[in-house]
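Enquirer: Given chain A, put chain B with the ligands in place with the hints provided.
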Amino acid sequence: MSKVGKRVQIRTRLASDRVKDFNEVELPISEEEAIKEASRDIKYCVAPCMNRGCPVNVEIPTMLKLVSQGKIKDAYESLITRTPVPSITGRVCQQEIQCEGSCVLDKLGEPIAIGAIEKFVGDWALENGIEIGVSSQRKGKSVAVVGSGPAGIVVASELQRAGYDVTIFEAFHEPGGVLTYGIPEFRLPKRIVRKEFEKLKNVGVELELGSVIGTTYTVDELLKNFNAVFLGVGAGRPMFLNVPGENYANIYTANEFLTRVNLMKSYKFPEYDTPLHIGRKVAVIGAGNTAMDAARSALRLGAETYIIYRRGRAEMTGRAVEVHHAEEEGVKFMFYSSPSEFLAADGVDVSGIKIMKMKPGEPDRTGRPRPVPTGETVEFDVDMVITAIGFYPNPLIPGTTPTLKTDDHGRVVVDLEGRTSIKGVYAGGDIVTGESTVIEAMGWGRRVAKTIDKDLLRV
Amino acid sequence: MDITQEGTILEKKELATNIYEMKLYAPKIAGAVHAGQFMLLMVDEKGERVPMTIVDWDKVRGWIDIVYQEVGTTTIKLTGLKDGEKLFYVAGPLGKPSRVGKFGKVVVIGGGVGVPAIYPIARALKLQGNYVVSIIGAKTSNALVFEDRMKEVSDELIVTTDDGTRGLKGFTSDALRELLSRGRRFDAMWSVGPTLMMKACSDVAAGNIPNSFASLNSLMVCGVGMCGACRVTIKDKILLTCVDGPEFISYDVNWKELAIRLKSYMREETVSLEMLRGAGKL
Ligand SMILES: Cc1cc2nc3c(=O)[nH]c(=O)nc-3n(C[C@H](O)[C@H](O)[C@H](O)COP(=O)(O)OP(=O)(O)OC[C@H]3O[C@@H](n4cnc5c(N)ncnc54)[C@H](O)[C@@H]3O)c2cc1C
Ligand SMILES: Cc1cc2nc3c(=O)[nH]c(=O)nc-3n(C[C@H](O)[C@H](O)[C@H](O)COP(=O)(O)OP(=O)(O)OC[C@H]3O[C@@H](n4cnc5c(N)ncnc54)[C@H](O)[C@@H]3O)c2cc1C
Ligand code: SF4
Ligand code: SF4
Ligand code: FES
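Just so you know, the protein sequences line up as chains A and B, in that order.
Be aware that the first sequence starts at 1, since it is given in the numbering used here, and climbs by one per residue.
Be aware that the second sequence starts at 1001, since it is given in the numbering used here, and climbs by one per residue.
One chain only, chain B, in its complex shape:
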């Protein structure tokens, strides 16, 4: 395997139905990344520029890990690639590092592929000496990933599934509400996951947890602050998720607008998928 090229796939494995972990040879990115940052990739010359959180890395060996959920054209194409193949383009790390520091008691919340994404943040918080309570959730037990790894970096770990097939039945925000109602207090909170989940957690935390950070998943094109695709309104100011974020104070986020902008390309995404299907690639 020629692993001298940035963007070579070292290993791909299926973690759960439709969720894959991919190890990439990317020494430039690995050498510079901090918890909370992401990268951009293009599968091939005609591909889309797609952002992925960097969930793990090794600066010495020069690899990074991403975890993706197969949802559309790019992620399906990714699954079609074999170990040893090279992505057309990788760039990063991008975005500002997470504002991890010594807060005291913290709660970190991940949902779906947001669990791997919050893992490096939880790990960094733990390293800083915080008491880390983690809440991780998925639709169902088969879709839950990174439970073991989250356990390693958490002082307490709570698991939720929407259907109750593993851990508590309900949403991560329900588990958070439950903790708070039992009188548990936190100095800071982080959440990564679907927009609705992050908003729900933020609403529950409001008035209870002084610092709350959410890592937003706006649609992106450039990733370097020049196109405005990823714009979000933070406290009445338009900011760019890719360079001013992706992490923002959750209480300041205009969630409704973020949800609207995420819906921009529903029609086109279906067309693109159908074409992939038509080409017999599915």
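Next up, chain A with everything else stripped away, as it sits in the complex:
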């Protein structure tokens, strides 16, 4: 396949170096590399990457063409009509099943490194201080965006650009949602998230931190002060295994562990005040993105780290490249293993796990073999456990807004365009879909921003 050329090699720092700190694992590609890689794009391709692969339909051929011509600023302008934060999506999208997974070159050779190019363009714009343009025609209408995760970022950015006055309400002391408290520094440096918010502020988006909607202000109160309210509050409530001993000390949910590490910077304790137990031997339960992030963080804190998963290798749901990086760094995997009890020798601190050995059974709803218990259990000594088995939708707003319709999973019910059961209130992202991806949440953000614009034009 000489005609399609070789894919740019994406370099990473050496595994033995990177486990010593929280700095970014992947190295950036250079401008020359980006141009060369973009030039591999096939002319007259029907671009399934854009139409079927990317959930927000980034105009990938246009972007690639501009990059190949060295017009990076124009490429950025084109990108941000679909993803306002290419430096983030380029880093965290699950490209192998999205854009790159649908690239025709995936079958002919190697797919274009769309993610790496997107990241390059986004970083270039940040470094060169390119601001996002906003309409000088203000509409004199205001929108409240609740939650500053990917869904909220997109709604705020699109509507501010279109001429609305947007205020973001965020419960935490830093904006970004999972981008800030969940995804670790070594995958997504926080300075990038902060810079993206600076850009939003520069175009006039107001950011109110420490505002917990539902209690600080109710949704009704927001409706009195804004023409529309968008709920992008995510799927934050952790699920539990519900097995005996789950509440012993040093058993964390991944959200608690990652929040302590990422948001509260406990890895710099005691320079930062928030403490964190640092285990010598850590078991992470689960095998999605959250589990990989937790495992690789624990590893960086010096622990011998195991992923314990009830299914097999092929069924892991995390980004392929993260699983690969985790293995390179020395995370060990135990498949077909499911905790049936946590043990604490002193009655306080966890000291071991009773693990039920599983085997693949009949396919379940997702088409994957259902894990069935074999009846055989083993005991595994650990001094810290992190559970990463999933999230429920954040309950705070549904719990304080009785007229807001939710389904039996606690997800906010919306129509195809993002309208909730309350007039003037819209929702999107994980609170609507349940735990999903950054770019799916952004896709919802785009859709709902259009709906809000349409509805507000009418009134």
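By construction, these hints were calculated from the structure, which means they are not laboratory data.
Idealized CB from N, CA, C, for every residue including glycine.
Be a bit skeptical, because a hint or two may be false.
As the list claims (entries may be wrong) - Lysine-lysine pairs mimicking BS3-like chemistry, simulated, CA-CA at most 25 Å apart:
hint, chain 1, residue 1, chain 2, residue 2
1, A, LYS224, B, LYS1096
2, B, LYS1102, B, LYS1082
3, A, LYS281, B, LYS1096
4, A, LYS281, A, LYS268
5, B, LYS1263, A, LYS268
6, B, LYS1237, B, LYS1263
7, A, LYS201, B, LYS1086
8, B, LYS1237, A, LYS354
9, A, LYS354, B, LYS1046
10, B, LYS1046, A, LYS190
11, A, LYS190, A, LYS224
12, B, LYS1059, B, LYS1102
13, B, LYS1046, A, LYS265
14, B, LYS1059, A, LYS354
15, B, LYS1263, A, LYS405
16, A, LYS224, B, LYS1059
To be verified - Quick look at which bits of chain A chain B covers, simulated, 3 or more residues with Cβ under 8 Å:
hint, stretch
17, 31-37
18, 226-238
19, 246-254
Expert: Just chain B with the ligands now, kept in the frame of chain A:
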């Protein structure tokens, strides 16, 4: 003093040894708070997110009051701040309001800094027309706070100290047992204080008082239901103190587990304190 910013310290005063009352300018929180709710604060950018009960407030003037006991890094840093300085972050109100209503005869029990914390609950119960008997306790007379304010909102007030330097000698739970043994009957009970105290009171009340509520003090990180740090087992179900509580029916609480989880960071807390000492801040 620039008091236009949420989280500005209006006034700090020492109520007793190591116990301080702090008035904060926080109109957003003051405008929404109900008895039984709490707030989260961070002293500075590197600080911990720490929960504090809102013990008093003025919706019109926009202030809230917290009362804290100096026990570790954050609370020591708080004492180091001066009037007019601003906390890095405040958020609230958080948690569900206390289930105050018209019960009839009620007993409210506070221990240590749990006394200020139960004050707004007692006040609300009184306002609802309940007959309020309050039991407040401390280790010793010098550590007793809010006695006057509790008197104002109680029909009867009983004071206990562990060493007998003021009021009855013994624990609040002893005073409760004594009341019950004298045939006093209550329709509901509230307790706020150390875990051991709340458990002891709950044990005494079991079988005697139909409704008993305790406000739990689990360790917290987020305060908004996404981290699971504050989880407690209530009747075999894992719930989150910050969003499902902090008030739970005391008979349903797995107290042993709560005590275990409160011990999680003993080692690290000592390290953090030593660092503060090393930096000459103590
Ligand atoms: C550890 C981890 C790693 C992940 N890795 C990836 C990845 O590599 N790639 C990928 O595509 N996806 C990944 N995901 C999934 C992805 O991050 C989420 O699908 C996405 O962030 C959802 O976006 P959102 O805007 O709906 O909500 P969130 O990002 O959850 O943001 C919600 C925000 O709302 C705030 N909030 C909640 N309630 C209130 C309230 N009442 N008032 C005010 N504010 C409130 C929260 O504090 C939060 O900031 C990961 C998830 C986790 C947890
Ligand atoms: C809902 C809620 C309301 C609270 N209200 C108040 C209040 O009104 N006034 C007040 O003084 N405190 C209150 N607390 C407890 C307060 O949050 C802790 O005292 C505070 O976190 C201590 O921080 P620190 O850094 O100073 O001490 P740390 O260094 O964190 O701890 C020092 C010592 O205090 C103990 N400790 C820490 N947190 C708790 C806790 N949550 N419960 C019991 N012991 C603890 C530690 O085990 C340690 O021995 C409340 C807690 C909750 C969950
Ligand atoms: S937004 Fe994500 S899925 Fe879409 S093109 Fe960019 S990296 Fe690919
Ligand atoms: S599918 Fe691949 S080759 Fe075709 S336009 Fe998209 S990136 Fe280019
Ligand atoms: S403190 Fe995080 S869930 Fe309650």
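Enquirer: For every hint, state whether the structure bears it out.
Expert: Quick rundown of the hints versus the structure:
For the proposed pair A:LYS224 and B:LYS1096, the alpha carbon gap of about 23 Å is at most 25 Å, so the pair holds. Between B:LYS1102 and B:LYS1082, the direct Cα distance comes to roughly 41 Å. Violation of the 25 Å bound is thereby established for this hinted pair. For a cut-off of 25 Å, the pair hint linking A:LYS281 to B:LYS1096 is broken: about 38 Å separates their Cα positions. Note on A:LYS281 and A:LYS268: the hinted pairing holds, with a Cα-Cα distance of about 20 Å set against a maximum of 25 Å.
Distance restraint check for B:LYS1263 and A:LYS268: the Cα-Cα separation of roughly 21 Å lies within the 25 Å cut-off, and the hinted pair is therefore satisfied. Proximity of B:LYS1237 to B:LYS1263 is assessed by CA-CA distance (about 21 Å); at most 25 Å being required, the pair is judged to hold. At roughly 22 Å between alpha-carbon atoms, A:LYS201 and B:LYS1086 fall within 25 Å of each other, so this suggested pair holds. With a C-alpha separation of about 21 Å, the suggested pair B:LYS1237 and A:LYS354 falls inside the 25 Å cut-off, and the hint holds.
A distance of roughly 38 Å separates the Cα atoms of A:LYS354 and B:LYS1046; the hinted pair therefore is violated under the 25 Å criterion. Only pairs whose Cα atoms come within 25 Å are accepted, and B:LYS1046 paired with A:LYS190 is accepted, the gap being roughly 15 Å. Distance restraint check for A:LYS190 and A:LYS224: the Cα-Cα separation of roughly 34 Å exceeds the 25 Å cut-off, and the hinted pair is therefore not satisfied. Restraint check for B:LYS1059 and B:LYS1102: the C-alpha separation of about 24 Å stays at or below 25 Å, so the hint holds.
Our distance criterion of 25 Å between C-alpha atoms is met by B:LYS1046 and A:LYS265, whose separation comes to about 8 Å. A C-alpha spacing of about 53 Å is found between B:LYS1059 and A:LYS354, which places the hinted pair above 25 Å, so the restraint is violated. Between the alpha carbons of B:LYS1263 and A:LYS405 the distance comes to roughly 40 Å, so the proposed pair goes past 25 Å and is violated. Only pairs whose Cα atoms come within 25 Å are accepted, and A:LYS224 paired with B:LYS1059 is accepted, the gap being roughly 19 Å.
Check result for the stretch 31-37 of chain A against chain B: violated, 0 residues qualifying (beta carbon to beta carbon below 8 Å, three or more required). Under a criterion of three residues with beta carbons nearer than 8 Å to beta carbons of chain B, the stated coverage of the stretch 226-238 of chain A is upheld, 4 such residues being counted. Only when three residues or more bring their CB closer than 8 Å to a CB of chain B does the claim for the stretch 246-254 of chain A stand; here the count is 7, and the claim holds.
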